[in-house]
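If you read the sequences in order, they're chains A and B. If you use the working numbering, the first sequence corresponds to residues 6 to 288, in order. If you use the working numbering, the second sequence corresponds to residues 6 to 288, in order.
What the hints contain is simulated information worked out from the structure, not anything from laboratory work. It is possible that some hints are incorrect.
Remember, identical chains collapse to one label, so a pair may be satisfied in a single copy or spanning two.
Derived pair list, reagent style SDA-like, types lysine to any residue, alpha-carbon separation capped at 25 Å [what the hints assert, rightly or not]:
| id | residue 1 | residue 2 |
| --- | --- | --- |
| 1 | 192 | 268 |
| 2 | 190 | 268 |
| 3 | 190 | 59 |
| 4 | 192 | 255 |
| 5 | 10 | 40 |
Protein chains: 2
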Amino acid sequence: MTIQKVTVLGTGVLGSQIAFHTAFSGFDVTAYDLDEDALKAAADRFAGLTKAYCAEVPEAADGKAEKAAAAIALSCDLEEAVRAADLVIEAVPEVLAVKQDVYRRIGEFAPAHTIFATNSSTLLPSAIADSTGRPDRFLALHFANRIWRHNILEVMGTPATDPQVYRTAVEFAVRIGMVPIELHKEKSGYVLNSLLVPLLNAAMVLAEGGFADPETVDNTWRIGTGAPVGPFQILDTIGLATPYNILSHGGPAEQRLAAWIKENYLDQGKLGLASGEGFYRYT
Amino acid sequence: MTIQKVTVLGTGVLGSQIAFHTAFSGFDVTAYDLDEDALKAAADRFAGLTKAYCAEVPEAADGKAEKAAAAIALSCDLEEAVRAADLVIEAVPEVLAVKQDVYRRIGEFAPAHTIFATNSSTLLPSAIADSTGRPDRFLALHFANRIWRHNILEVMGTPATDPQVYRTAVEFAVRIGMVPIELHKEKSGYVLNSLLVPLLNAAMVLAEGGFADPETVDNTWRIGTGAPVGPFQILDTIGLATPYNILSHGGPAEQRLAAWIKENYLDQGKLGLASGEGFYRYT
Numbered sequence: 006m007t008i009q010k011v012t013v014l015g016t017g018v019l020g021s022q023i024a025f026h027t028a029f030s031g032f033d034v035t036a037y038d039l040d041e042d043a044l045k046a047a048a049d050r051f052a053g054l055t056k057a058y059c060a061e062v063p064e065a066a067d068g069k070a071e072k073a074a075a076a077i078a079l080s081c082d083l084e085e086a087v088r089a090a091d092l093v094i095e096a097v098p099e100v101l102a103v104k105q106d107v108y109r110r111i112g113e114f115a116p117a118h119t120i121f122a123t124n125s126s127t128l129l130p131s132a133i134a135d136s137t138g139r140p141d142r143f144l145a146l147h148f149a150n151r152i153w154r155h156n157i158l159e160v161m162g163t164p165a166t167d168p169q170v171y172r173t174a175v176e177f178a179v180r181i182g183m184v185p186i187e188l189h190k191e192k193s194g195y196v197l198n199s200l201l202v203p204l205l206n207a208a209m210v211l212a213e214g215g216f217a218d219p220e221t222v223d224n225t226w227r228i229g230t231g232a233p234v235g236p237f238q239i240l241d242t243i244g245l246a247t248p249y250n251i252l253s254h255g256g257p258a259e260q261r262l263a264a265w266i267k268e269n270y271l272d273q274g275k276l277g278l279a280s281g282e283g284f285y286r287y288t
Numbered sequence: 006m007t008i009q010k011v012t013v014l015g016t017g018v019l020g021s022q023i024a025f026h027t028a029f030s031g032f033d034v035t036a037y038d039l040d041e042d043a044l045k046a047a048a049d050r051f052a053g054l055t056k057a058y059c060a061e062v063p064e065a066a067d068g069k070a071e072k073a074a075a076a077i078a079l080s081c082d083l084e085e086a087v088r089a090a091d092l093v094i095e096a097v098p099e100v101l102a103v104k105q106d107v108y109r110r111i112g113e114f115a116p117a118h119t120i121f122a123t124n125s126s127t128l129l130p131s132a133i134a135d136s137t138g139r140p141d142r143f144l145a146l147h148f149a150n151r152i153w154r155h156n157i158l159e160v161m162g163t164p165a166t167d168p169q170v171y172r173t174a175v176e177f178a179v180r181i182g183m184v185p186i187e188l189h190k191e192k193s194g195y196v197l198n199s200l201l202v203p204l205l206n207a208a209m210v211l212a213e214g215g216f217a218d219p220e221t222v223d224n225t226w227r228i229g230t231g232a233p234v235g236p237f238q239i240l241d242t243i244g245l246a247t248p249y250n251i252l253s254h255g256g257p258a259e260q261r262l263a264a265w266i267k268e269n270y271l272d273q274g275k276l277g278l279a280s281g282e283g284f285y286r287y288t
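Let's have the full structure, built from the sequences with the hints guiding it.
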């Protein structure tokens, strides 16, 4: 099968990027969210992305980015949004019950051939598969933030995913300019976060334990490995609430790091780059 | 005190780089090793480093690198090698008893003002301090391989290290063009390996577990973080025997990775970049 009509469920930070980038790549895109207010916010996000693409993506010139934004159909009617879709990419909140409910509903509304893909970062697709009513046509397509720059797309099926569906998803990744990152088995954290989280945690252990300052740790990483940024710069970009939330659900060592983040940063309004200060100050 | 005369004990891969770089930075350097054969090998290493500096270090032109190599005094007489030293940097094999024996001997031969520094990667300086006879004038100075490029110098004392000795060591780092990485407390792995090892282990877990191929993992890391190389490229550069040796002394999870390295790589002669093949093939 060939994918042409793509529906994105949820127009938050990443959902809006997925919808925009897919439209920018020449697909027919519908963006769904709960109500008119959410769709108004989505339109604002698309306007912001139009500017970002014009500034950062060479092919965005000559009105291509504007055209992509204008071509996205907005809908808060779930049945209407999915009834002609070849591929539905779900980017709704990371709450299992919310996702399961969405899949049960679209499982009824969408045509039999439609492929469902979750962008979930924290849930394994096998936890969701049954609620789709079509586990053989379901898998995870995990995008990275700022997808026009970090153009990797992690592709991860469940044991029930039809290999042909998996291949179609990999082809779709290539068609929207992504480098497909093929996982052969389910893995919490996919590839990127499976690598990144241990590095970021190790960096926090060094600072929390008083072994070395964040600036020293970052300097070591940049010079020692040639990386453009160090782990604390990455943490500031992600925002400190995310590691705090993950760590606070972990074991004693993780909870100790969570408490350190809360006391020294979150409680002082240092949320990371977006708030103007995290491990570093930004002007 | 001002450091001018530096003695490097051991002329292996890193010892020879430390001696060469210190001489290149204008210090009086003596390089010590066990016998004439070892010193002959050291002279060959200095010749190789002279070529590398001429090719890669802009300031090495006009004979500066050749002069540095020629200026290094070679000695296989330990007493002679250290009796005028302001700083002794020890880079002998990573065997505690060997190091303790060396420190007991130089503790008698060296002047009272001499600072002793170990380049040990795997031993904590507090394990060695007592054998020096001068724990207040002893600390770790940990260099990274290819020090003319990866110019970080990790500086780590023990609770017994005199703070003034620590400051002198930091100043020395700056005077030889290194970025001093100051650790405030002892930490196995210092900063760089404390960050790198969890990343490399996480990468091996992905490949060993059949989740993703080494090429896919590296691709993800390069694109997702902007790093110039991925973890399996780093492992190939280090050489696979080193992670194997470390992992084979770890817990069950680590030993599983060690067995995987041995069976799939070491036993097949794939030792990494230096052998022409590791996770990648090199021509």
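Going down the list of hints, with the structure as the test:
1. 192 with 268: between (32 Å within a copy, 24 Å between copies)
2. 190 with 268: For residue 190 and residue 268, only the inter-copy Cα distance (22 Å) is at most 25 Å; the intra-copy one is 38 Å.
3. 190 with 59: Classified as neither; 37 Å inside a copy, 48 Å across copies.
4. 192 with 255: both (17 Å within a copy, 23 Å between copies)
5. 10 with 40: within (22 Å within a copy, 75 Å between copies)
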